[in-house]
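*Asks:* Dock chain B against the given chain A, drawing on the hints supplied.
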Amino acid sequence: MYDKFKGLKASVLAGALAVGAMQPATAEEGLDFQTVSDLLHLVMSSDRTVYTRMIVNRLAVEEKVITASEHFEDDKALVLPAQMFRFGSEMVAEETDAFSYSLLSLWPINKQNAPSTPLEIEGLEYLAENPGENFYGEEELGGEKYFTAFYPDISVAEACSKCHNEHKDSPRTDFKGGDVMGGVVIRIPMDS
Amino acid sequence: MKRLNTKLFWAVWALLSIAGALYAAKTLYVTGDRTVLLPGETTGVHHQFEISCHTCHTSDDFEDVNSVRKDINKTCVTCHKDELKASNDSHPIKKFKNPRMADFWEKIDGRFCTSCHAEHSPEATLHAGVTLQGDFCVACHSEGDQDVRQNRESHAELTFDTCASSGCHNYHDNRALYEDFLVKHGNMPWVKEEPVHLPAALSRTPSEAVADIETYLATVDTALPAYDETIAHDWAASAHAAGDVGCAGCHAPEATNEAEIETQWVEAPSEAVCADCHRNEAKTFALGRHGMRRHPEIADPRDAKRSLKDLGFSDPPEAMVRLIEAYLADPDAPQAMSTSEARVSLKPEAHGQDLTCSTCHDPHAQDLDFAAVDACLSCHNDEHSTSYKDSTHFALWFDEKDGLLPPGSGVTCATCHMPQSEKGGKVLTNHNQNDTLRPNEKMIRATCLSCHSLEFAIDALADPELVKNNFSGQPNRHIESIDWALRRVEPTDTDANQ
Chain A
2 MYDKFKGLKA
12 SVLAGALAVG
22 AMQPATAEEG
32 LDFQTVSDLL
42 HLVMSSDRTV
52 YTRMIVNRLA
62 VEEKVITASE
72 HFEDDKALVL
82 PAQMFRFGSE
92 MVAEETDAFS
102 YSLLSLWPIN
112 KQNAPSTPLE
122 IEGLEYLAEN
132 PGENFYGEEE
142 LGGEKYFTAF
152 YPDISVAEAC
162 SKCHNEHKDS
172 PRTDFKGGDV
182 MGGVVIRIPM
192 DS
Chain B
13 MKRLNTKLFW
23 AVWALLSIAG
33 ALYAAKTLYV
43 TGDRTVLLPG
53 ETTGVHHQFE
63 ISCHTCHTSD
73 DFEDVNSVRK
83 DINKTCVTCH
93 KDELKASNDS
103 HPIKKFKNPR
113 MADFWEKIDG
123 RFCTSCHAEH
133 SPEATLHAGV
143 TLQGDFCVAC
153 HSEGDQDVRQ
163 NRESHAELTF
173 DTCASSGCHN
183 YHDNRALYED
193 FLVKHGNMPW
203 VKEEPVHLPA
213 ALSRTPSEAV
223 ADIETYLATV
233 DTALPAYDET
243 IAHDWAASAH
253 AAGDVGCAGC
263 HAPEATNEAE
273 IETQWVEAPS
283 EAVCADCHRN
293 EAKTFALGRH
303 GMRRHPEIAD
313 PRDAKRSLKD
323 LGFSDPPEAM
333 VRLIEAYLAD
343 PDAPQAMSTS
353 EARVSLKPEA
363 HGQDLTCSTC
373 HDPHAQDLDF
383 AAVDACLSCH
393 NDEHSTSYKD
403 STHFALWFDE
413 KDGLLPPGSG
423 VTCATCHMPQ
433 SEKGGKVLTN
443 HNQNDTLRPN
453 EKMIRATCLS
463 CHSLEFAIDA
473 LADPELVKNN
483 FSGQPNRHIE
493 SIDWALRRVE
503 PTDTDANQ
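Sequences listed follow chains A and B, in order. Each residue of the first sequence is one higher than the one before, starting from 2 at the first, in the numbering used here. Each residue of the second sequence is one higher than the one before, starting from 13 at the first, in the numbering used here.
Mixed in with the good hints, there may be bad ones.
Straight line, CA to CA, 27 Å or less: simulated DSS-like cross-link-like pairs of lysine-lysine [as the list claims (entries may be wrong)]: (1) Lys107(B) <-> Lys169(A); (2) Lys82(B) <-> Lys109(B); (3) Lys435(B) <-> Lys112(A).
Take a look, some chain B residues computed to stay more than 10 Å from chain A by CB distance [what the hints assert, rightly or not]: (4) His167; (5) His263; (6) Ala341.
Facing chain B, according to a computed beta carbon distance under 7 Å, are these residues of chain A, among others [stated by the list, open to error]: (7) His72; (8) Ala94; (9) Glu95; (10) Ala99; (11) Lys112; (12) Leu142; (13) Lys146.
Bear in mind the hints are in silico, worked out from the structure with no lab data behind them. C-beta atoms are modelled at their ideal positions from N, C-alpha and C, and glycine is treated no differently.
For reference, chain A alone in the conformation it holds in the complex (with noise of 0.2 Å):
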């Protein structure tokens, strides 16, 4: 498992990093927006994938010393990935305005999580059908333009897709390991 999960981040650097090559930034210039763009994202799904694989998955599915609920509180549980993701970019949202980021999904458990742009309709189906790839674009929104990037949120462990596909109040009941679930949008304001 860890040799897989070294595989992977390994395979995320240095697609970061490719980007980064192909895009060269002077510090006068400063990193431009799909560079900054991808490494908060490698900086997120690094601490996604170790927090669900090696707490969630580790403990509720493979050991099962306890469980995890999205009713963290009353049932004394682990909190889900997906809201720990969710409470990181809302402690953020706190302290800046700079960027904002969200997990998303055409097939969300929470209507809340399903998309609510046109940019996030076109950004999350790109995604779904080519698996691998990230999509970016720019759209306005209240009156400010920003950068809007779409990783794929890909189920990295048992966990993912067995949730997804018991809970009551998902729209899709079928995810595989490996599948794109979802994506993860990253948006920063162009003109402050």
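*Replies:* Below, chain B without anything else, positioned relative to chain A:
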């Protein structure tokens, strides 16, 4: 002559106008009583500190609207932070800050508290300080993926004026109302076999009685300036005696020997002495209606010299500052809430009292039975309060005191309005008596579920007549939320056939 009169009139009018404008500007920007400038009565408990405008209005003068709204968010959260955190807020501001919510900002801007709680608009204010129409959920939950009528079959025919008014949903606090919680607590008898509020049981279990009061008294210092037999007896049977807090503990807390006790003796110790040990009680007391006036975040009166400096007068003349402070200063904010200012129904004889710790707690006797029932009923005169002694809850309390029922069986005013909780073996009593009231579903987890089923609690709290008569009888309405939630997870044969 006529022309002269006209000129004189204009001159006087101009002078008076300038003087009036200067006075208003001074009151607004320097110091002075601003009551007359209040744009409208404030909501609920806010009236207790409404003369301290800058408790809420912290923005610099002439800031832009968005900055002002953000600053007001901060001041709301100063006092309501713990409540929102504990409520597991369903619509926190941080959720709405994401730009993908921009379309929703146009409908109801969830980034700002004031979008729903406008304040100073008594004519537009509904329950819980909401200044939107009662069907406000329609703004965001009636279209596309968010359309609840599409997402929940049971909701297909519902109208939006009943979402938040029928015991089913709240904007912030849904701890006892979320779907899985309804399922988990479905199909239960309306009252438990052994109904007991556990933290209350813990606190009401009698401690080891002091066997011989006289002997006990002989062991403590008696060289006191105000020794009194009755007080000493009351004290000897109190928790203070059991906790080794003697007379000097409160009357001369800093004294280290008898001589110092004599010199430092304070006849009537202030609340600060109580708060020194009873921190949780003092903190929660200051969050509720009874003790809010001593909340640490209520702004002090403005300092004239500082206000002048903020306006750009780097070195205001001392005489001017002294003149303003002497005649035109901010009035001192009252330190305690008085029953005369209360906006709820109180008994005529209760008027004119300042609310302090000792209003409910005799400092020597510490009669918790009095504090839990009679202290409340000595002031409160609404139908719910006056019906209490005819209720089953009171009968249970009566039987508990009679030794017929185990500790924690009786339900006092405090059981529901000042719910106790257990933390590390210690029982904490929430002295914010409003904490579980608005909306009243907040009471379900803290109190009702100790003895009752969720279904009964939801129905009972949604029946205003039953609330009025202090829960004498059964609810005459049924909220179907649990039935619907159960049906989604356990479809009946009929549902399956459909």
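*Asks:* The structure should be examined with respect to each hint, and the outcome stated for every one.
*Replies:* Do the hints match the structure? See the list:
1. Lys107(B) <-> Lys169(A): Holds - the C-alpha atoms of Lys169(A) and Lys107(B) are around 24 Å apart, at most 27 Å.
2. Lys82(B) <-> Lys109(B): holds (12 Å)
3. Lys435(B) <-> Lys112(A): violated (37 Å)
4. His167: Correct as stated: the minimum Cβ-Cβ distance to chain A is 13 Å, above 10 Å.
5. His263: holds (44 Å)
6. Ala341: holds (38 Å)
7. His72: Holds. Min distance 6 Å.
8. Ala94: The hint holds - Ala94(A) has a Cβ within 7 Å of chain B, the shortest such distance being about 4 Å.
9. Glu95: holds (5 Å)
10. Ala99: violated (12 Å)
11. Lys112: holds (5 Å)
12. Leu142: holds (4 Å)
13. Lys146: violated (10 Å)
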